[in-house]
Amino acid sequence: AETGAQEACAQALEAARLMDWHVGEMNRALANELPEPLEIGIGIHGGEVILGTLGYREHATTTAIGEVVHIASRLQDLTKEYDCQLVVSDVVGTTAGVSLDVFPKREVQVRGLRAPLTIRVIDNGAAIGGDKFRTLPVEAGHDPNRSDPVSATLVQSS
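Position 100 (the sequence shown) corresponds to 100 in the numbering used here; numbering is contiguous.
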């Protein structure tokens, strides 16, 4: 089933929050074994992609191609420059129906785009949660104390 743009963008933001949480859990669990904590950088942009499965049977893999993938990759690269965990285009917040105005705004030139792109620099995925946003169950019987990308979406609190 096709996911609508609003839901897909909300899911991407929620997935980033959950990735931050899971990396934190891994760092806590492996603290005595890691020379330094694991870090991630995530770039999120929204739009249409070509999605397909390449390969055969157990060697099949799903991949996405298109300008959106290129831009998201460039945004991920910017996490190093801005020393942050997330760089999200304003397109994602607008499409998801949530305001990202509390996060620092930048205008960046992305290779391949003519016009500058408005982005938000977010220190960590946990910042997406809290009083600005809340997760809602989308399945009957969902445990509200457990968040996972299959059964939670991100919506702006009123």
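If you are wondering where the hints come from, they were derived from the structure by calculation, not from laboratory data.
Treat the hints with care, as some may be off.
[Claimed, not checked] Quick list of the computed label-pair ranges, beta carbon to beta carbon:
id, residue 1, residue 2, range
1, A126, K80, 36 to 46 Å
2, G55, P104, 37 to 47 Å
3, G52, G24, 26 to 36 Å
4, H59, T94, 35 to 45 Å
5, T63, V102, 25 to 35 Å
6, G97, I40, 24 to 34 Å
7, L51, M19, 16 to 26 Å
8, H59, P35, 32 to 42 Å
Don't be surprised by glycine CBs; every beta carbon is placed ideally from N, CA and C.
Status of each hint after checking the structure:
1. A126 / K80: 36 to 46 Å: 20 Å Cβ-Cβ, so the 36 to 46 Å window is violated.
2. G55 / P104: 37 to 47 Å: Since the Cβ atoms of G55 and P104 sit about 41 Å apart, the hinted range of 37 to 47 Å holds.
3. G52 / G24: 26 to 36 Å: holds, 33 Å
4. H59 / T94: 35 to 45 Å: About 38 Å separates the Cβ atoms of H59 and T94, which means 35 to 45 Å holds.
5. T63 / V102: 25 to 35 Å: With a Cβ separation near 34 Å, T63 and V102 satisfy 25 to 35 Å, so the hint holds.
6. G97 / I40: 24 to 34 Å: Holds - the Cβ-Cβ distance for G97 and I40, about 25 Å, lies within 24 to 34 Å.
7. L51 / M19: 16 to 26 Å: With Cβ atoms ~20 Å apart, the hint holds.
8. H59 / P35: 32 to 42 Å: Since the Cβ atoms of H59 and P35 sit about 35 Å apart, the hinted range of 32 to 42 Å holds.
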